[in-house]
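Asks: I would like the entire structure built from these sequences, with the hints used as guidance.
UniProt numbering puts the first residue of the sequence shown at 1, with every later residue one more than the last.
In short, the hints are calculated from the structure, not lab data. Warning: the hint list may mix true and false statements.
[What the hints assert, rightly or not] Here are the simulated distance ranges between beta carbons:
| no. | residue 1 | residue 2 | range |
| --- | --- | --- | --- |
| 1 | I261 | K310 | 13 to 23 Å |
| 2 | G313 | L226 | 14 to 24 Å |
| 3 | P287 | A80 | 19 to 29 Å |
| 4 | A126 | G191 | 23 to 33 Å |
| 5 | K97 | N152 | 38 to 48 Å |
| 6 | I261 | G86 | 41 to 51 Å |
| 7 | S291 | D199 | 42 to 52 Å |
| 8 | G86 | A126 | 13 to 23 Å |
| 9 | D88 | Q121 | 28 to 38 Å |
| 10 | N116 | N201 | 15 to 25 Å |
[To be verified] Straight-line alpha carbon distances no greater than 27 Å define the calculated DSS-like cross-link-like pairs of lysine-lysine that follow:
| no. | residue 1 | residue 2 |
| --- | --- | --- |
| 11 | K242 | K269 |
| 12 | K128 | K188 |
| 13 | K128 | K84 |
| 14 | K299 | K33 |
| 15 | K269 | K304 |
| 16 | K252 | K59 |
| 17 | K304 | K97 |
| 18 | K95 | K84 |
| 19 | K269 | K30 |
| 20 | K272 | K299 |
| 21 | K272 | K310 |
| 22 | K304 | K33 |
| 23 | K204 | K272 |
| 24 | K171 | K90 |
Backbone N, C-alpha and C define an ideal beta-carbon position, used for all residues, glycine too.
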Amino acid sequence: MNRRSFIAGAATASVATISLANTLPMENPKKEKRYQNGQSPWPICLDTATIRPAKGLEKKVEIAIEAGYDAIEPWDSDLAEYEKSGGDLKKLGAKIKEAGLFVPSMIGLWGCIPRNEEEFQNSLPATKNRMRMASEIGCTYVQAIPNQVGENYDVAFVASCYRRLLEIGIKEYNVIPALVFVKMFPLKTMGQATAVALDANHPKAKIIPDVYHMYISEGGFEGLRLLNGDIFAIFQFNDAPKGMEIGDMEDKHRVFPGDGILPLPQILKDLKGTGFNGCISLELYNPEYHSMDLLEVAKTGLQKTLKVIKEAGV
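Replies: Okay, here's the thing in structure tokens:
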């Protein structure tokens, strides 16, 4: 469980200003915080879906530590199972921090934005319990999953629900709900998620892009460079397979970064240009990987992510 010390949060370094006669003082930019021994401008996170068959949340944490990640992103089912078996999420969160990792977000608030007000009110007890779990393990964000908004959803109503979720999460649990978009759900594209976040009219509104769903939803990647990185909570990372029609791609077909067809180096260049400084989170559901040694899967995913970052030149 031992690994190098990791200090979560953005660090700054002071640089002395040299003033010469008859010259103006030079401006001193903050030194950029880098991770993975300087290889990445972003912390690299392991989404526990990538190693889903590992037995129990503590085992998944151990794999993330041994593989060399900076952070781990659990699912609500991981936390619920851990509590059911008698585990204390606050104590586990402290152990994760002691080991040099942090927990940027949890997946997720299922059904938290339904089709109407009655359903929204009925969903709040389960939503609040998930926020509680996320808070206790030390999450900054919790993913708001729009799986029940309904076809032809009302953007104004969805934005209203999201704003209220933000108020509840921040004021009651000290977590920030961040909106995801998924091709298989009615709210499919980054543009649609961004519209809801903007219309929520809240200073902490966030979205969580996933390069796979940016691709298979056919929303594309060009809009990324138009956004300010402050709107992103985390950035889900993977690749789309070669030799498949886009309409046939499902979540289980995700592959390691760099093994597929997505223009990942350019995507990361554009992401860097937005000013985003949160986590890059490796999220895979591939059953082929699940049948392999899960520690090796985690290590391979980290290595391939870092290779793409190097190719991006960021």
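Asks: Where does the structure disagree with the numbered hints, that is, which hint numbers, in rising order?
Replies: No hint contradicted; all consistent.
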